[in-house]
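Heads up: the protein sequence lines correspond to chains A and B, in order. Residue numbers for the first sequence follow the working numbering, so the first one is 1 and each next one is one higher. Residue numbers for the second sequence follow the working numbering, so the first one is 1 and each next one is one higher.
None of these hints come from the bench; they were simulated from the model. Take the hints with a grain of salt, since some may be wrong.
Among chain B residues calculated to face chain A with C-beta under 7 Å, some are [to be verified]:
{"hint": "1", "residue": "R235"}
{"hint": "2", "residue": "A248"}
{"hint": "3", "residue": "A251"}
{"hint": "4", "residue": "K252"}
{"hint": "5", "residue": "A255"}
{"hint": "6", "residue": "F256"}
{"hint": "7", "residue": "R258"}
{"hint": "8", "residue": "L259"}
{"hint": "9", "residue": "S260"}
{"hint": "10", "residue": "E261"}
Ideal placement from N, C-alpha and C gives every residue a C-beta, glycine not left out.
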Amino acid sequence: MKFGDAGSSWSKLFTVGDDSVKIVSTRELVAGDFRFDWGTGHTARNRSERFENDLIALSSGALALVDDDDFTVLDLGSRDAKLVAFAGRRPVKLDWSVGCASATGATLEMLGKFYDIDWDAIEVEDKWTPVTCGTYAIERIMDQVSAGESATKAIGRFVHGLARNCFDFAGKPDKLYLSGGFTLNRPFAKVLRRYTEVVLMGRTVPLAGLWSLARDENPEIGQIPKVLLEKVTE
Amino acid sequence: MLLNRKTLSEIIVGNHKVIGFWGAPPGRDLEEASQRFDGATFFDLDVFYDAKKSGAVPDAFCHIIRNCVDNAIALGGRIHCVVAATGPEKCDAGRFAARLVEEITGVEVVVTVNEGRKDPGAPLLCESRGSLKKRIVRTMETIIEPLTSDEQRRATADRCEPTHGFWGTPPHPIEVLDLFPETTHVFGWTRCVEQGRPADLDLETAVPDGLPIVFFSQGFCAKSMLAKHLAHKHRGMHVDVHDTLSAATMAKIEAFIRLSEVKT
Chain A
1 MKFGDAGSSW SKLFTVGDDS VKIVSTRELV AGDFRFDWGT GHTARNRSER
51 FENDLIALSS GALALVDDDD FTVLDLGSRD AKLVAFAGRR PVKLDWSVGC
101 ASATGATLEM LGKFYDIDWD AIEVEDKWTP VTCGTYAIER IMDQVSAGES
151 ATKAIGRFVH GLARNCFDFA GKPDKLYLSG GFTLNRPFAK VLRRYTEVVL
201 MGRTVPLAGL WSLARDENPE IGQIPKVLLE KVTE
Chain B
1 MLLNRKTLSE IIVGNHKVIG FWGAPPGRDL EEASQRFDGA TFFDLDVFYD
51 AKKSGAVPDA FCHIIRNCVD NAIALGGRIH CVVAATGPEK CDAGRFAARL
101 VEEITGVEVV VTVNEGRKDP GAPLLCESRG SLKKRIVRTM ETIIEPLTSD
151 EQRRATADRC EPTHGFWGTP PHPIEVLDLF PETTHVFGWT RCVEQGRPAD
201 LDLETAVPDG LPIVFFSQGF CAKSMLAKHL AHKHRGMHVD VHDTLSAATM
251 AKIEAFIRLS EVKT
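Chain A on its own, in the form it takes in the complex (with noise of 0.2 Å):
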């Protein structure tokens, strides 16, 4: 059985058996004739059995994986940002911001390109760029560093404005689950821990959730496998 969570720019892939779970960039997905069981991400619309839109993976995996009662999860990945809020476990807000591409990863993944960042080497310092539409944000960067200022810094600023508006997307919460890619950039993680406690959860809780949704149909495929379940190594 093949599961399958195709992003705009990353596609996670994972066969029942496998010891690890398989990252492809979605180009190489959409070249190839990738097939899914259970498939979520809008790259796995028609190519899946069994389709699950994003929002209902991503809060059956977080139900899967986080035990308490009332808790937020937060996803952001290349091109968007979804989060579920649970009270009492069941949800009490979802949203999704689909439509700026510019504010999240892949505007990230670009400029890390252009500059050649070392992402470890970022300075997250007090200020902060508003990331209130990352044309413009990207437009102040490059004021920036032709002004004199280094990149590390300038999208150090970036990355945590970005992090304020994520916090600010959330809910303000006391406590944040981070799922997706962005729980790899260490830099942002580090930001966001100074409006709230972040629990970096990886890039798999929609591949956990879909396997918890197979298992309500079959409960014979068993418990979710532990490589689906591995939270992030700080």
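Put chain B on the given structure of chain A with help from the hints.
For chain B alone, kept in the frame of chain A given last:
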């Protein structure tokens, strides 16, 4: 009184004039218009018929009110008169739209206020099992064509325990309702219409505790204030939709329905 179920284009190219209406005007005003115009049929101007944009209403405005104005302007001389709900049972925009339509088209606009019946009727369609879209559309039709005794019997027999709730006005786009299961009960203004009290704020804000409810508001509608407040108070989900139903909004509703189902 009879409802005209033709499309806007069919009426424009046809030979018969209609009586336009919006909201839920009082029965006596509708009857009076029907008598004055020899039993002409009624046409619901709230509904989206893809009328040409008149530009009379700003883009950032409630789509239902835009429907009312654009439909009336598109029909122009094909309307005998418009029976317009303009009181607290509709909204301020209903009152303003009445003025706009009268000035732009020159058509007579009968300005009405619906105080509602003394005792609320039974919420038959709101609590019966079946397609939510069909039930809500039929509820709106009852303003002109009340349920027949057969329909009342059927709706009573089909009453179900709810797994979910929908609160609000009939939405634009109406396809929002296709996302809900057949066991969805209806609350808010739509329920008030079925119960004959469209201006009853107490009835409009009454929802059962514990039932997962989607509180819908049309983009730029003042009722969004109620929807947001009630969603927070009753741990439901507030959804605000303007012109189109985005994939994200669909996903939110689908996820809320799937994850919060009350098992019956």
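Checked hints:
1. R235: holds (5 Å)
2. A248: holds (4 Å)
3. A251: holds (4 Å)
4. K252: holds (4 Å)
5. A255: holds (4 Å)
6. F256: holds (6 Å)
7. R258: Holds - the Cβ of R258(B) comes within 7 Å of chain A, reaching about 6 Å at its closest.
8. L259: holds (5 Å)
9. S260: This interface hint holds because 5 Å falls under the 7 Å limit.
10. E261: violated (10 Å)
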